[in-house]
Structure formats: C-alpha cells, structure tokens
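Peer 1: Protein chains in written order, with the UniProt record's numbering: chain A, 1 to 111; chain B, 1 to 111; chain C, 1 to 144; chain D, 1 to 144.
Keep in mind that the hints were calculated from the coordinates and are not lab data.
Note that beta-carbon positions come from the ideal geometry of N, C-alpha and C, so glycine has one too.
Do not take every clue at face value.
Restraint ranges, calculated between C-beta atoms of paired labels, are given here [as the list claims (entries may be wrong)]:
hint: 1; chain 1: D; residue 1: G110; chain 2: C; residue 2: P83; range: 54 to 60 Å
hint: 2; chain 1: D; residue 1: P83; chain 2: B; residue 2: P26; range: 30 to 36 Å
hint: 3; chain 1: A; residue 1: R110; chain 2: B; residue 2: R110; range: 44 to 50 Å
hint: 4; chain 1: C; residue 1: D32; chain 2: D; residue 2: K59; range: 35 to 41 Å
hint: 5; chain 1: B; residue 1: M1; chain 2: D; residue 2: H53; range: 21 to 27 Å
hint: 6; chain 1: C; residue 1: Q91; chain 2: A; residue 2: N108; range: 36 to 42 Å
Cross-link-like lysine-lysine pairs, in silico, DSS-like; alpha carbons within 27 Å at most [as the list claims (entries may be wrong)]:
hint: 7; chain 1: D; residue 1: K130; chain 2: C; residue 2: K73
hint: 8; chain 1: D; residue 1: K8; chain 2: C; residue 2: K8
hint: 9; chain 1: D; residue 1: K8; chain 2: D; residue 2: K59
hint: 10; chain 1: D; residue 1: K52; chain 2: D; residue 2: K8
hint: 11; chain 1: C; residue 1: K70; chain 2: A; residue 2: K29
hint: 12; chain 1: C; residue 1: K52; chain 2: D; residue 2: K70
hint: 13; chain 1: C; residue 1: K52; chain 2: C; residue 2: K130
hint: 14; chain 1: C; residue 1: K59; chain 2: C; residue 2: K8
hint: 15; chain 1: C; residue 1: K70; chain 2: D; residue 2: K130
hint: 16; chain 1: D; residue 1: K70; chain 2: C; residue 2: K70
hint: 17; chain 1: C; residue 1: K8; chain 2: D; residue 2: K73
hint: 18; chain 1: C; residue 1: K59; chain 2: D; residue 2: K130
hint: 19; chain 1: D; residue 1: K70; chain 2: D; residue 2: K8
hint: 20; chain 1: C; residue 1: K8; chain 2: C; residue 2: K130
hint: 21; chain 1: C; residue 1: K73; chain 2: D; residue 2: K73
hint: 22; chain 1: C; residue 1: K8; chain 2: C; residue 2: K52
hint: 23; chain 1: A; residue 1: K66; chain 2: C; residue 2: K130
hint: 24; chain 1: D; residue 1: K52; chain 2: B; residue 2: K29
hint: 25; chain 1: B; residue 1: K29; chain 2: D; residue 2: K59
hint: 26; chain 1: D; residue 1: K130; chain 2: D; residue 2: K59
hint: 27; chain 1: A; residue 1: K66; chain 2: A; residue 2: K29
hint: 28; chain 1: C; residue 1: K59; chain 2: D; residue 2: K73
hint: 29; chain 1: B; residue 1: K66; chain 2: B; residue 2: K29
hint: 30; chain 1: C; residue 1: K59; chain 2: C; residue 2: K130
hint: 31; chain 1: C; residue 1: K70; chain 2: C; residue 2: K8
hint: 32; chain 1: B; residue 1: K66; chain 2: D; residue 2: K70
hint: 33; chain 1: D; residue 1: K59; chain 2: C; residue 2: K70
hint: 34; chain 1: D; residue 1: K70; chain 2: C; residue 2: K59
hint: 35; chain 1: D; residue 1: K8; chain 2: D; residue 2: K73
hint: 36; chain 1: C; residue 1: K52; chain 2: A; residue 2: K29
hint: 37; chain 1: D; residue 1: K8; chain 2: D; residue 2: K130
hint: 38; chain 1: D; residue 1: K52; chain 2: D; residue 2: K130
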Amino acid sequence: MLSTETIDGVLIVRVEERRLDASKAPLFKEHVSAALGGDVNRLVLDLGQVEFIDSSGLGVIVSVLKRLGPSGSLAIASANSAVRRLFSLTRMDRVFILYDTPQSAIENLRA
Amino acid sequence: MLSTETIDGVLIVRVEERRLDASKAPLFKEHVSAALGGDVNRLVLDLGQVEFIDSSGLGVIVSVLKRLGPSGSLAIASANSAVRRLFSLTRMDRVFILYDTPQSAIENLRA
Amino acid sequence: MSSSLSLKIDSDLAGVGPVARAVRALCSETLDELALDELELGVVEALNNVIKHGYAGQKGSLVQVRVGLKADKVVVEIIDQAPPMPPSALQPSDPWAGIDAAEPQDLPEGGMGLALIQMTMDEVAYSSRKGVNTLTLTKLLSRK
Amino acid sequence: MSSSLSLKIDSDLAGVGPVARAVRALCSETLDELALDELELGVVEALNNVIKHGYAGQKGSLVQVRVGLKADKVVVEIIDQAPPMPPSALQPSDPWAGIDAAEPQDLPEGGMGLALIQMTMDEVAYSSRKGVNTLTLTKLLSRK
Ligand SMILES: Nc1ncnc2c1ncn2[C@@H]1O[C@H](COP(=O)(O)OP(=O)(O)O)[C@@H](O)[C@H]1O
Ligand SMILES: Nc1ncnc2c1ncn2[C@@H]1O[C@H](COP(=O)(O)OP(=O)(O)O)[C@@H](O)[C@H]1O
C-alpha cells in the first residue's frame, strides 16, 4: 500500500495504490501511522501512482497533518488533475502545498 | 485526426486519435490516403496517442501497406500493450515491425 | 446520441471504484476531463454514503446506478432501498467555513461528502418514495 | 463480489468505444491488464458486428450489454433483436491461414472480427430465440 524513504530527515511516503477511497482509507490510515515514527515531523506524500482520492482519503491526509503537530510540515507531490481538483474544491490547497515532483517538495521542506 | 512530417525521405504519420475503431476507420483511411503522396514508399505510423485499435483500424493499416507496393515499407512506432496484443493475435507482428519510438523506426527504415 | 446504462452493485465499498470508473468511461466522449473528474468524485461520494450510512456498511444489499446521456446533460441516478437520508443532511453546509483562519487541529477529517456532491454537480435532487430512495445528480454539458 | 451491469445503447458505432471502456472499467479489479485488453477488443468486435451487420449500420435500434462478475469468470452478454447471424458465421475460421508465406497483397483487411472474438475469449456461445439474439462471451479468471 505504501513505501517509505528518508532523505535528509524528510520522510517520503509513496502511496502505492491507484485509488485512495473509503474502501481503503482505514487501512491507509493504519499504514501511514505505522510509518510515522516518534520523531518525524517533515513528510512528503508522493501521490504519483494515485489516480483518485475521495473525501475519506483526504480525511486521512488531514489526520496525518494533525499528527505531525504544530512544528510539523506535510507536502504533497505529484498529484494528478483529479486529485488537484479535490484539493481545490475543499480549499485544502490553502493548507497543503502541492509540488509537481517529490524532489521539489523535499527541497522546499529542507530549506 | 493525423499530422505528418517527413524526415530524410521517411513519412511519419502521427495518429491523433485515442481510438482507431469501426466508427473512425473510413475517415482514417481517407486521411492516410491523402497524406500518401505519389512517391512516398517508406512510412512510419506513430501510434503514441492511440489507446485502442480494432480489426477495422488494423484493416486500414494493412491497406496502407498494400498501397506502398512491393518496394515500400511501413513501420509501427509507440504501440501500447493493447495494440501490440492485437498485432500478435492477428499475427500482424510478423508483417510489421513494431518499434518503441518513432526515432528508432526512422533509423531502421533509413538504413 | 441518447443512451442509458443501468448498473446494479452489491453494497460493498470495494465495488464503488470500478462502477465510478465505468460511469466515467461511459461519459468520456460527452464531458471534458475536468467535468469527468468532478462527476467521478460526486458519484463515489454518493455511493459511499449509501453504503456507509444507508446500509450501515453492510454488504448484501443492492445499489442501482443509472446513467443517462442527453444532448445537453448527463444524469446519474443512485437508487437504494435503505432507510432514507434525514432531510437535514441535504441542507447546504460548508465544512470548510473559517478554514482560512483555522489551525490544522480544527480542519475537518470527515463530513465532506455531501458538500462535495453539491460542489461537483450542477443539480442535486433527492426523493424517497415507498422505500426507494433516488439521488439524482446532473452535470450540464459545457457549451463549447 | 458478484455484481451485474446492464447497458442499453443505440446501434451507433460512435457509442461502442465508451461502452467498451465502461465494461473494461467494471472488470478492472477482477481481470489483469492483458485480460482487460482482450476483453475490450472482443466486446468491441461483437458490438461492431451487431451494428454493422445485424442492424446494417443503421442507428435507432437498441443493443444491450450485460456484464456479470462472478468469482471465477466475467460473462458479457450482447443482446440484440436484429436478424440473427447465419450459423456459418460462427464456424471456426482462420483469416490468417498461410500468412507466413503471404505477399502483402494477400493480407486480409476485413473478416477478422469473429476470429478475434474467439481468440480473445475463453468461451463464446450464441443463441437466437424469438427474435432475440444473445452472444455470450466468457473470460475466465486466471488462477493467480
Ligand atoms: N445515503 C445516506 N443515508 C443516510 N444518511 C446519510 C446518507 N448520506 C449522508 N448521510 C448523513 O449525512 C452525514 C454527512 O455525510 P457526508 O457529508 O457525506 O460526510 P461523511 O460521510 O464523511 O459523514 C452522514 O454522517 C450521515 O449521517
Ligand atoms: N451480428 C451479426 N449479424 C449478422 N451477420 C454477422 C454478424 N456478425 C458477423 N456476421 C457475418 O459474418 C461475417 C464475418 O464477420 P467478421 O469476422 O466480424 O468480419 P467483418 O465484420 O470484418 O466482415 C460478416 O461479414 C457478416 O456477414
């Protein structure tokens, strides 16, 4: 469901599902929680393989942001047009920054 | 429906349709025929934008090969897996060479 | 071309994705990509709600999806026989009110489905008669 | 999950693509990519035949497509009320016999549809009763 990598203290979580929807949200939440160790507070969510997210999937992403706490940051990378539309409809594009590639997200979190 | 380009005497026909099927085969045949001037005999059919071809579309491709005559050659470029499957099911992969890119097709036709 | 499609699926969240993609595919020559993205999202949220809330997440019941392609619009009907939605559910709501000033801790994690249905569709209607609920979602064709 | 879908479309070649993609989407969690490619091709050829030959290329008649997702197979039925296929049409044929030795001029440009339907499907059955023709196409799930 996901794979992770750490670069310069930034945790990259690559979602390996085509759809993050209500049928997968509970398991997705478990897996991301497990990936978040105690001291991670900068995270890039790589959505390059994701074609579709619904409100349940978005809810999990918001819950991750909350878990990172006030000092944490969560950037979104490689969202396709359908996912970008979800973020703009729900105004979550004001809460999360959407980067075209994981690389540019990492650079910005590091800076 | 298609755009053309000539490189070193090789005519490249880029199909600008997602599906080449029975609903479009007659018009496709007209357009390719128009693109084939009198003295073209080496042609690359670039299927990079094509997601699906049925037997009617394949029939048009075969008709183009026939029009090129005994000294002509027709190479296929950038066929996706569905199109490759059609070519192998119909054994047309023994008649046409399928190249991954238009560039490699052109190089081989030129040589 | 005017055509209709009727799909019957089990009330299983795992079936929602394939059906939503089928609806999208059926409308793919009629709507543009942005409208297709919105349609797919609205249909998914509506089906999820029927299964999660109407049928309390239980498999084994039928949900019907009807798609009508008209000259000027696409109409998707979602038909179920679960207990109907409370009328209050359909009142316009904004789960993101005050989001600009909000702390992350205040952001909503749920309760966004109905608002998304309204935002992605041009018209939303709901009727419940003789134990049959019909949610009618309409997407108008953009005048190209 | 066992589910069923029923699509009714006008006998218009322009409608075949969206319907075939909808069938593909519906089976997308059930079959692998290669099987989906084959299913889509077989369904397109069958629908084209009904419209081109059964209904002589005329719009205005109905063609119904039913998709059944079973535990071990996908069954697609194509139902029409056109004059039935001649029994000879269904005899196994090989439009590409002798293709290895053939000159380009001898390659077939048509007459490949029925052969492709047989090659892409695991089972093909045809019945014609009381003016209703049903072509049943079955794709078995590969045992993963
Ligand atoms: N089909 C339905 N049947 C019954 N109740 C529903 C239905 N759809 C929505 N509701 C009610 O409306 C509420 C809001 O739904 P929604 O905005 O989709 O958010 P969520 O599903 O995340 O709770 C639900 O919590 C539920 O109480
Ligand atoms: N649904 C059908 N109804 C009537 N005749 C059909 C039907 N399908 C196929 N046929 C007959 O079988 C022949 C072979 O069909 P096919 O192999 O699909 O090739 P093509 O469609 O290119 O002719 C057709 O030319 C037609 O005479």
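Peer 1: All the hints need checking, so say for each whether the structure fits it.
Peer 2: Comparing the hints with the structure gives:
Range check, G110 of chain D to P83 of chain C: Cβ separation about 56 Å, and the 54 to 60 Å hint holds. For P83 of chain D paired with P26 of chain B, a C-beta distance near 23 Å fails the hint of 30 to 36 Å. For the pair R110 of chain A and R110 of chain B, the beta carbons lie near 48 Å from each other, so the given range of 44 to 50 Å is met. Under the hint 35 to 41 Å, the C-beta atoms of D32 of chain C and K59 of chain D, about 25 Å apart, miss the expected range.
Checked against the hint of 21 to 27 Å, the C-beta distance between M1 of chain B and H53 of chain D comes to roughly 25 Å, which is consistent with it. About 40 Å separates the C-beta atoms of Q91 of chain C and N108 of chain A, a value consistent with the hinted range of 36 to 42 Å. Simply put, K130 of chain D and K73 of chain C have alpha-carbon atoms about 36 Å apart, too far for the 27 Å limit, and the pair is violated. Taking the CA atoms of K8 of chain D and K8 of chain C, the gap is near 14 Å; set against the 27 Å cutoff, the hint holds.
This hinted pair checks out: K8 of chain D and K59 of chain D have alpha carbons roughly 13 Å apart, not beyond 27 Å. Note on K52 of chain D and K8 of chain D: the hinted pairing holds, with a Cα-Cα distance of about 17 Å set against a maximum of 27 Å. Between the alpha carbons of K70 of chain C and K29 of chain A the distance comes to roughly 40 Å, so the proposed pair goes past 27 Å and is violated. For the hint pairing K52 of chain C with K70 of chain D, the CA-to-CA distance comes to about 24 Å; that is within 27 Å, so the pair holds.
A hinted pair counts as satisfied when its Cα atoms are at most 27 Å apart, and K52 of chain C with K130 of chain C qualifies at roughly 21 Å. Straight-line distance between C-alpha atoms of K59 of chain C and K8 of chain C comes to about 13 Å, which keeps the hinted pair within the 27 Å bound. Proximity of K70 of chain C to K130 of chain D is assessed by CA-CA distance (about 31 Å); at most 27 Å being required, the pair is judged violated. For the suggested pair K70 of chain D and K70 of chain C, the alpha carbons sit about 32 Å apart, so the restraint of at most 27 Å is broken.
A distance of roughly 18 Å separates the Cα atoms of K8 of chain C and K73 of chain D; the hinted pair therefore holds under the 27 Å criterion. With a CA separation close to 37 Å, the supplied pair K59 of chain C and K130 of chain D exceeds the 27 Å bound. Restraint check: the Cα-Cα separation between K70 of chain D and K8 of chain D comes to about 21 Å, which is no more than 27 Å; the hinted pair holds. In summary, the hint linking K8 of chain C to K130 of chain C is supported, as the alpha carbons are separated by about 19 Å, within the 27 Å threshold.
Of the supplied pair hints, the one linking K73 of chain C and K73 of chain D is violated, its CA atoms being roughly 35 Å apart against a limit of 27 Å. In summary, the hint linking K8 of chain C to K52 of chain C is supported, as the alpha carbons are separated by about 17 Å, within the 27 Å threshold. Straight-line distance between C-alpha atoms of K66 of chain A and K130 of chain C comes to about 44 Å, which puts the hinted pair past the 27 Å bound. A hinted pair counts as satisfied when its Cα atoms are at most 27 Å apart, and K52 of chain D with K29 of chain B qualifies at roughly 18 Å.
For the given pair, K29 of chain B sits about 22 Å from K59 of chain D by alpha-carbon distance, which is consistent with the 27 Å threshold. A hinted pair counts as satisfied when its Cα atoms are at most 27 Å apart, and K130 of chain D with K59 of chain D qualifies at roughly 22 Å. For the given pair, K66 of chain A sits about 13 Å from K29 of chain A by alpha-carbon distance, which is consistent with the 27 Å threshold. A hinted pair counts as satisfied when its Cα atoms are at most 27 Å apart, and K59 of chain C with K73 of chain D qualifies at roughly 21 Å.
For the hint pairing K66 of chain B with K29 of chain B, the CA-to-CA distance comes to about 13 Å; that is within 27 Å, so the pair holds. Between K59 of chain C and K130 of chain C the alpha-carbon distance is near 22 Å, which keeps this suggested pair within the 27 Å criterion. Distance restraint check for K70 of chain C and K8 of chain C: the Cα-Cα separation of roughly 21 Å lies within the 27 Å cut-off, and the hinted pair is therefore satisfied. Proposed proximity of K66 of chain B and K70 of chain D is contradicted: the alpha carbons are some 44 Å apart, above 27 Å.
With a C-alpha separation of about 16 Å, the suggested pair K59 of chain D and K70 of chain C falls inside the 27 Å cut-off, and the hint holds. For the hint linking K70 of chain D to K59 of chain C, the alpha-carbon distance of about 16 Å falls within 27 Å, and the restraint holds. Proposed proximity of K8 of chain D and K73 of chain D is supported: the alpha carbons are some 22 Å apart, at most 27 Å. Taking the CA atoms of K52 of chain C and K29 of chain A, the gap is near 18 Å; set against the 27 Å cutoff, the hint holds.
Under the criterion of a C-alpha separation no larger than 27 Å, the hint pairing K8 of chain D with K130 of chain D is consistent with the structure, at around 19 Å. Restraint check: the Cα-Cα separation between K52 of chain D and K130 of chain D comes to about 21 Å, which is no more than 27 Å; the hinted pair holds.
Checked against the numbered hints listed earlier, the structure breaks hints 2, 4, 7, 11, 15, 16, 18, 21, 23, 32; every other hint is satisfied.
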